[in-house]
Amino acid sequence: MNLSTFVFERGNLVSIYGESGVGKTSLSLELASQIRTSVFISTEGSLFEARLERIKVGEGVYFASVKSNIELFNGIINSLRYKPSLIVVDAINTFYRYERNVQNFLKLLIILRSIAESNVKILLVWEVSGSNKVAGEKFMRKFSDDALRITKSYIIGNLRKCKFKITERGVIGCL
1 MNLSTFVFER
11 GNLVSIYGES
21 GVGKTSLSLE
31 LASQIRTSVF
41 ISTEGSLFEA
51 RLERIKVGEG
61 VYFASVKSNI
71 ELFNGIINSL
81 RYKPSLIVVD
91 AINTFYRYER
101 NVQNFLKLLI
111 ILRSIAESNV
121 KILLVWEVSG
131 SNKVAGEKFM
141 RKFSDDALRI
151 TKSYIIGNLR
161 KCKFKITERG
171 VIGCL
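1 is the number of the first residue of the sequence shown in the UniProt record's numbering; add one for each residue after it.
These aren't lab readings, by the way, just hints derived from the structure by calculation. Computed from a predicted structure; not experimentally measured. There's no promise every hint is true.
[Stated by the list, open to error] What follows is a list of derived Cβ distance ranges for each label pair:
#: 1; residue 1: V102; residue 2: T5; range: 29 to 39 Å
#: 2; residue 1: K152; residue 2: M1; range: 11 to 21 Å
#: 3; residue 1: E59; residue 2: N2; range: 14 to 24 Å
#: 4; residue 1: F73; residue 2: K142; range: 12 to 22 Å
[Stated by the list, open to error] Here are the computed lysine-lysine pairs in the DSSO-like style, where the Cα-Cα straight-line distance is at most 27 Å:
#: 5; residue 1: K165; residue 2: K133
#: 6; residue 1: K142; residue 2: K107
#: 7; residue 1: K161; residue 2: K67
#: 8; residue 1: K142; residue 2: K161
#: 9; residue 1: K152; residue 2: K138
#: 10; residue 1: K165; residue 2: K107
#: 11; residue 1: K165; residue 2: K152
#: 12; residue 1: K138; residue 2: K67
#: 13; residue 1: K133; residue 2: K161
#: 14; residue 1: K83; residue 2: K142
#: 15; residue 1: K133; residue 2: K152
#: 16; residue 1: K107; residue 2: K152
#: 17; residue 1: K107; residue 2: K133
#: 18; residue 1: K83; residue 2: K67
#: 19; residue 1: K107; residue 2: K83
#: 20; residue 1: K152; residue 2: K142
#: 21; residue 1: K138; residue 2: K161
#: 22; residue 1: K142; residue 2: K67
#: 23; residue 1: K152; residue 2: K163
#: 24; residue 1: K107; residue 2: K138
Don't be surprised by glycine CBs; every beta carbon is placed ideally from N, CA and C.
Using the sequences plus the hints, can you model the full thing?
The structure is reproduced here in C-alpha coordinates:
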(Lines of atoms letter the chains of each structure in order from A; the text may use other names.)
(Lines give C-alpha, C1' and ligand atoms only; values in the text may rest on other atoms or scores of the structure.)
Protein backbone atom coordinates (compact mmCIF):
# COMPACT_ATOMS: atom_id res chain seq x y z
CA MET A 1 0.00 0.00 0.00
CA ASN A 2 1.40 3.42 -0.85
CA LEU A 3 1.41 6.44 1.47
CA SER A 4 -1.49 8.32 -0.11
CA THR A 5 -3.74 5.24 -0.07
CA PHE A 6 -2.94 4.63 3.61
CA VAL A 7 -3.38 8.25 4.69
CA PHE A 8 -6.67 8.82 2.84
CA GLU A 9 -8.10 5.33 3.36
CA ARG A 10 -10.83 6.56 5.73
CA GLY A 11 -11.86 9.84 4.08
CA ASN A 12 -10.90 13.06 2.35
CA LEU A 13 -10.17 15.26 5.40
CA VAL A 14 -7.25 13.79 7.34
CA SER A 15 -5.27 15.27 10.21
CA ILE A 16 -1.73 14.29 11.16
CA TYR A 17 0.01 15.22 14.39
CA GLY A 18 3.18 14.38 16.25
CA GLU A 19 6.15 15.82 18.05
CA SER A 20 8.41 18.35 16.38
CA GLY A 21 10.95 16.79 14.03
CA VAL A 22 9.21 13.45 13.36
CA GLY A 23 8.57 14.15 9.68
CA LYS A 24 5.10 15.70 9.42
CA THR A 25 6.20 18.30 6.86
CA SER A 26 8.30 15.79 4.91
CA LEU A 27 5.35 13.41 4.76
CA SER A 28 3.05 16.26 3.66
CA LEU A 29 5.43 17.33 0.89
CA GLU A 30 5.71 13.73 -0.29
CA LEU A 31 1.92 13.43 -0.49
CA ALA A 32 1.76 16.75 -2.36
CA SER A 33 4.25 15.41 -4.89
CA GLN A 34 2.28 12.14 -5.29
CA ILE A 35 -1.20 13.67 -5.62
CA ARG A 36 -1.36 16.22 -8.44
CA THR A 37 -2.57 18.95 -8.65
CA SER A 38 -1.84 19.99 -5.06
CA VAL A 39 -1.54 23.16 -3.02
CA PHE A 40 0.77 23.34 0.02
CA ILE A 41 0.02 26.21 2.41
CA SER A 42 2.63 26.82 5.11
CA THR A 43 1.98 28.79 8.29
CA GLU A 44 5.56 28.09 9.37
CA GLY A 45 7.21 30.63 7.09
CA SER A 46 9.54 29.47 4.36
CA LEU A 47 11.17 26.59 6.29
CA PHE A 48 9.77 24.06 3.82
CA GLU A 49 11.61 25.63 0.86
CA ALA A 50 14.96 23.98 1.68
CA ARG A 51 13.23 20.59 1.66
CA LEU A 52 11.70 21.33 -1.73
CA GLU A 53 15.10 21.64 -3.34
CA ARG A 54 16.08 18.17 -2.06
CA ILE A 55 12.97 16.24 -3.02
CA LYS A 56 12.22 18.03 -6.32
CA VAL A 57 8.43 17.96 -6.19
CA GLY A 58 8.02 19.08 -9.79
CA GLU A 59 5.09 20.55 -11.69
CA GLY A 60 1.53 20.60 -10.44
CA VAL A 61 2.40 21.48 -6.85
CA TYR A 62 1.72 25.07 -5.78
CA PHE A 63 3.02 26.70 -2.61
CA ALA A 64 1.94 29.59 -0.40
CA SER A 65 3.34 30.93 2.84
CA VAL A 66 0.89 32.77 5.10
CA LYS A 67 1.50 34.90 8.18
CA SER A 68 -1.97 35.38 9.66
CA ASN A 69 -5.34 33.76 10.04
CA ILE A 70 -6.87 35.99 7.32
CA GLU A 71 -4.02 35.13 4.91
CA LEU A 72 -4.63 31.44 5.63
CA PHE A 73 -8.35 31.87 4.92
CA ASN A 74 -7.57 33.69 1.65
CA GLY A 75 -4.93 31.10 0.74
CA ILE A 76 -7.43 28.27 1.10
CA ILE A 77 -10.06 30.07 -0.99
CA ASN A 78 -7.52 31.14 -3.65
CA SER A 79 -6.12 27.60 -3.87
CA LEU A 80 -9.41 26.46 -5.42
CA ARG A 81 -8.60 28.26 -8.68
CA TYR A 82 -5.95 25.57 -9.35
CA LYS A 83 -8.63 22.84 -9.11
CA PRO A 84 -6.49 20.85 -6.67
CA SER A 85 -6.83 17.17 -5.85
CA LEU A 86 -5.06 17.87 -2.53
CA ILE A 87 -4.74 20.88 -0.21
CA VAL A 88 -2.18 20.67 2.61
CA VAL A 89 -2.15 23.15 5.50
CA ASP A 90 1.03 22.95 7.60
CA ALA A 91 0.17 23.73 10.41
CA ILE A 92 -3.56 24.38 10.69
CA ASN A 93 -3.43 25.30 14.39
CA THR A 94 -0.52 27.78 14.34
CA PHE A 95 -2.64 30.92 14.62
CA TYR A 96 -5.21 29.26 16.89
CA ARG A 97 -2.42 28.53 19.39
CA TYR A 98 -1.55 32.23 19.56
CA GLU A 99 -4.96 33.89 19.18
CA ARG A 100 -7.35 31.30 20.71
CA ASN A 101 -10.04 32.72 18.43
CA VAL A 102 -12.45 29.80 18.28
CA GLN A 103 -14.85 31.43 15.80
CA ASN A 104 -12.16 32.14 13.20
CA PHE A 105 -10.75 28.65 13.63
CA LEU A 106 -14.16 27.04 13.23
CA LYS A 107 -14.80 29.03 10.03
CA LEU A 108 -11.56 27.66 8.55
CA LEU A 109 -12.43 24.10 9.51
CA ILE A 110 -15.98 24.39 8.16
CA ILE A 111 -14.68 25.67 4.82
CA LEU A 112 -12.10 22.86 4.65
CA ARG A 113 -14.80 20.29 5.51
CA SER A 114 -16.96 21.67 2.66
CA ILE A 115 -14.04 21.46 0.22
CA ALA A 116 -13.36 17.86 1.30
CA GLU A 117 -17.01 17.00 0.63
CA SER A 118 -16.51 18.16 -2.96
CA ASN A 119 -13.98 15.31 -3.40
CA VAL A 120 -10.77 17.28 -2.75
CA LYS A 121 -8.36 15.63 -0.33
CA ILE A 122 -7.39 17.83 2.63
CA LEU A 123 -4.34 17.11 4.80
CA LEU A 124 -4.12 19.14 7.99
CA VAL A 125 -0.88 19.14 9.98
CA TRP A 126 -1.36 19.90 13.68
CA GLU A 127 1.39 21.22 15.95
CA VAL A 128 1.89 19.52 19.28
CA SER A 129 2.83 21.52 22.38
CA GLY A 130 5.75 20.80 24.69
CA SER A 131 3.40 18.79 26.91
CA ASN A 132 2.62 16.59 23.87
CA LYS A 133 -0.94 17.93 23.46
CA VAL A 134 -2.56 19.06 20.23
CA ALA A 135 -3.79 22.66 20.45
CA GLY A 136 -7.40 22.36 19.28
CA GLU A 137 -7.58 18.56 19.58
CA LYS A 138 -11.38 18.60 20.07
CA PHE A 139 -11.74 20.36 16.72
CA MET A 140 -9.25 18.02 15.06
CA ARG A 141 -11.25 14.97 16.12
CA LYS A 142 -14.63 16.51 15.25
CA PHE A 143 -13.81 17.73 11.73
CA SER A 144 -11.41 15.00 10.53
CA ASP A 145 -12.38 11.76 8.85
CA ASP A 146 -9.19 10.33 10.36
CA ALA A 147 -6.47 11.55 12.75
CA LEU A 148 -3.06 9.93 12.38
CA ARG A 149 -0.20 10.18 14.85
CA ILE A 150 3.27 10.42 13.34
CA THR A 151 6.37 9.06 15.07
CA LYS A 152 9.91 8.94 13.66
CA SER A 153 9.13 5.76 11.73
CA TYR A 154 5.38 5.06 11.89
CA ILE A 155 2.07 6.60 10.89
CA ILE A 156 -0.39 5.27 13.46
CA GLY A 157 -4.15 5.22 12.94
CA ASN A 158 -7.04 3.44 14.59
CA LEU A 159 -6.08 -0.28 14.50
CA ARG A 160 -3.55 0.23 11.70
CA LYS A 161 -0.05 1.53 11.12
CA CYS A 162 2.38 2.19 8.29
CA LYS A 163 6.17 2.10 8.62
CA PHE A 164 7.92 4.85 6.66
CA LYS A 165 11.45 6.12 6.13
CA ILE A 166 12.61 9.64 5.31
CA THR A 167 15.48 9.79 2.82
CA GLU A 168 17.24 12.66 1.08
CA ARG A 169 14.92 12.18 -1.89
CA GLY A 170 11.67 12.08 0.07
CA VAL A 171 9.57 9.66 2.09
CA ILE A 172 9.36 5.94 1.38
CA GLY A 173 6.39 4.02 2.76
CA CYS A 174 4.40 2.01 3.63
CA LEU A 175 7.22 -0.48 4.15
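Looking back at the numbered hints, which does the structure fail to meet, lowest number first? 7, 10 and 16
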